[in-house]
Amino acid sequence: MTFRRSFRMSRLSHLLPWIILVVTLSVTWLLWRHECDTSRKEMQAQFDFALRDTVSRVEQRVAAHEQMLRGLQGLFATTGLKNRAAFRDYVETLQLDANFSGVQIVGVVDLVPGNQKKAHEEVMRGLGVGAYAIHPEGERELYTPIIQREPQVGRNRLPPGLDTWAEPARRLAMESARDSGRAAITAKVRLAVDKKPEAQPGFIMYLPVYAYGQPRDTVAQRRSHLIGWIYAAFYIEDFMASLYGTSLPGVALDIYDGVEPTAGALMYSVGEYSAQDGHEGLHANEYMVVAGRTWTLSLRSLREFDVRYGRDVASLIAATGFGLSLSLALLSWFMVTGRARALRLAAGMTEELRHMAQHDPLTGLPNRALFSDRLGNELARAKRNDGHFGLIFIDLDRFKPINDNFGHATGDLLLRQVAQRMKETVRASDTVGRIGGDEFVVLMPMLADAEAARLLAEKLRHAIAQPFMLEGRELSVSCSLGVALYPNDGTDEITLAKSADEAMYQAKQSGRDRVRLAS
Amino acid sequence: MIRRSLIASLLACSLVSSAGATGFDCSRPYSLALHEHGLLYTVATDTGIDKDVADELIRRSGCKVVVSVMPRARIWQLIESGALDFSLSGITNPERERFASFAWYFSNKYYLLVRKDSGVNTHGDFERNARLQLGVIRSFRYSESANRLVDRLHQAGRVSQAGGLEPLYQTLMLNHIQGMIIEPFDYPALDEKKIREVSSIIEFNDPPVLHGLIMSKTALAPGEQEKWRALLSEMRSDGTIRRIFEKYFKPEMAASMVNFQGVR
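Protein sequence lines correspond, in order, to chains A and B. Quick note: the first sequence uses our numbering, first residue 3, plus one each step. Quick note: the second sequence uses our numbering, first residue 14, plus one each step.
Careful: at least some of the hints might be erroneous.
In silico contact screen, one side only, chain B against chain A (beta carbon under 10 Å); selected entries [what the hints assert, rightly or not]:
#1 V56
#2 A57
#3 T60
#4 V82
#5 M83
#6 A86
#7 Q90
#8 Q146
#9 G148
#10 R151
#11 G170
#12 S173
#13 A175
#14 G176
#15 L181
#16 L187
Label-pair restraints from in silico Cβ distances [stated by the list, open to error]:
#17 N188/B with L330/A: 52 to 58 Å
#18 V24/A with G95/B: 57 to 63 Å
#19 P161/A with N106/B: 55 to 61 Å
#20 T135/B with L174/A: 37 to 43 Å
Take a look, some chain A residues computed to stay more than 10 Å from chain B by CB distance [to be verified]:
#21 L27
#22 P115
#23 N117
#24 D181
#25 K197
#26 E262
#27 W335
#28 H361
#29 Q468
#30 L477
#31 I496
#32 T497
#33 E504
No lab work stands behind these hints, which were simulated from the structure alone. C-beta atoms are modelled at their ideal positions from N, C-alpha and C, and glycine is treated no differently.
Just chain A, with the same shape it has in the complex:
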């Protein structure tokens, strides 16, 4: 039970860093998404405000101009259309007001039935308008000549008498004003006073003037009591420049006449928008109705808008959140695995120490202590099973001169190669050990008889007798081997070792490079 619980706990603790990573990354993602959403909403709100504000400023401006014309309407309703001096004074007063700087011209249009053309022209000449004539010439059922334009300055100086009834845009607005009794504006037109080679987009606002004191409650009444119109003509450029307040930076605004945003209908454009620059901004069209006419306001946000009103916190949140998530997961991983890693480290170090304590540092062979341990084990086993095993003492012949002549480094190298060759020669179950300078021992468990031991020893002698290549130099060395067998040559460690040592000594005595059996 306890084991199972601790197993579960350990699995859980291993999962913990991953859980923390997933949770913190999820939180980061949620925060990032929330921030993106908030930022987008804020931009949208700013953009909506820009659109609403623009629409409202245009509407207010149109209303102000309508109000100005209503003043004139009041004047003419009581004095008649031909009160030239009063009209001139009125417009002169307006000219002093910078608020009306968008107005290019203010004019009066008379309504002249076809049969009264001559009389009308005479009256006009009588009022001091020399050489007055309705133009273009020709007989028509109805004439709507402009009888006065103010202010009469500079480019506005045109002869009066122009009849615009035949021009569809003007006529439509005049009819609309006449029937509704309210202000009506034309589609995009070229103003009569516009003498530039390229037409400047303009529009005209008409207000009807009815005969004083006559009813005008129905369309029919309004038609029969109409005496003329007053109008104000605008260049859209000047009109927009005269808007109250300042426009929002970072947006491009296009104004089109009507609901179709075509090049021909474009009246006004401000802000450099280019479809090629790849900026995915906000865009909205608003179809505003100004004095009965629809204008399409097309607003786009530019990069500057994003910079000004966008909050670039989302990427910061993403980067910081990602970094923190990783750090937190890493930290928890360190904490969770700290004990396990320390234990592993300790075990590794212990193993290393144990190896160092039991092995010869030069050759990596078991040292005297380990070899003695193995010998002890083999002795016990052989005693238990009535088995045999052999022990070989090996001493290199004339090793000292090698050390003296070639140095200890070469000597050590030779010892290492000898050890390697011995390990390769013995059986897998045998143990080779180094017990001192140039002295080696081999433990051969489970031997059939003395001959098997002698053969193995001979094999070792032969292997060592082969020349060694040491740093490009060929060296030969021989060895003397003494073999002792259990139980014939001893039944304990000391006796056996003594027997093998003596046999080895005898091998030396009898001329080296040979094997001697203890018995």
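Put chain B on the given structure of chain A with help from the hints.
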């Protein structure tokens, strides 16, 4: 003490009678704004339901009322500021309740008008197709679920605003917008057939929404508002309102719009 209060009440009686037979205080001219909107009001002909209701209100009150025409958004601004006294066919919401008082005289449902070629059969279809654009009139509010739809589409940048109905119909015909929210009186007399040919109607599952005379709380004292409300109530009960609606709708439709229950 008793004598003094008697004199005071006599004085009060004489003041009321001097205000006119209708009990209206016409000491100042009032202002009323119409907005051009389908059958409610058409500038070109200077006719419509709102115009008729306004004329009758003015006639019965005996007061001087200056009538002007302006965009709906501007009307709400001016009602809030108190620069405008009245407008017509308004619906309420909590925000408007703060500055406006209403006298109800008809109710109607809202509908989503969609182009047939947009493949939309439900409100959900419209919302799901990100390419579809909805046209609305600036400052207009509708029934509950219609408002929700408009607000969500607005957040997604899928709403085109307009100053009136006419441009919305034009842009719908041009396929610049694919849907708009309409009321029974929104079909313009002109082009009605063409619009019906390309569009279909989806009803919102909301109860009918009350429409009424909008009164600016800033401009009109509560007592004054009550007098105008009573006047309108009289126009409902004597059948005047129904007759006005019957000029523009079939009798059953007119009846369904002007007969509503549970009004304060």
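Evaluation of the provided hints:
no.: 1; hint: V56; verdict: holds, 5 Å
no.: 2; hint: A57; verdict: holds, 6 Å
no.: 3; hint: T60; verdict: holds, 8 Å
no.: 4; hint: V82; verdict: holds, 6 Å
no.: 5; hint: M83; verdict: holds, 8 Å
no.: 6; hint: A86; verdict: holds, 8 Å
no.: 7; hint: Q90; verdict: holds, 8 Å
no.: 8; hint: Q146; verdict: holds, 9 Å
no.: 9; hint: G148; verdict: holds, 8 Å
no.: 10; hint: R151; verdict: holds, 7 Å
no.: 11; hint: G170; verdict: holds, 6 Å
no.: 12; hint: S173; verdict: holds, 5 Å
no.: 13; hint: A175; verdict: holds, 4 Å
no.: 14; hint: G176; verdict: holds, 4 Å
no.: 15; hint: L181; verdict: holds, 7 Å
no.: 16; hint: L187; verdict: holds, 6 Å
no.: 17; hint: N188/B with L330/A: 52 to 58 Å; verdict: holds, 53 Å
no.: 18; hint: V24/A with G95/B: 57 to 63 Å; verdict: holds, 58 Å
no.: 19; hint: P161/A with N106/B: 55 to 61 Å; verdict: holds, 58 Å
no.: 20; hint: T135/B with L174/A: 37 to 43 Å; verdict: holds, 41 Å
no.: 21; hint: L27; verdict: holds, 27 Å
no.: 22; hint: P115; verdict: holds, 24 Å
no.: 23; hint: N117; verdict: holds, 29 Å
no.: 24; hint: D181; verdict: violated, 6 Å
no.: 25; hint: K197; verdict: holds, 33 Å
no.: 26; hint: E262; verdict: violated, 6 Å
no.: 27; hint: W335; verdict: holds, 42 Å
no.: 28; hint: H361; verdict: holds, 76 Å
no.: 29; hint: Q468; verdict: holds, 86 Å
no.: 30; hint: L477; verdict: holds, 87 Å
no.: 31; hint: I496; verdict: holds, 96 Å
no.: 32; hint: T497; verdict: holds, 99 Å
no.: 33; hint: E504; verdict: holds, 101 Å
Checked against the numbered hints above, the structure breaks hints 24, 26 and satisfies the rest.
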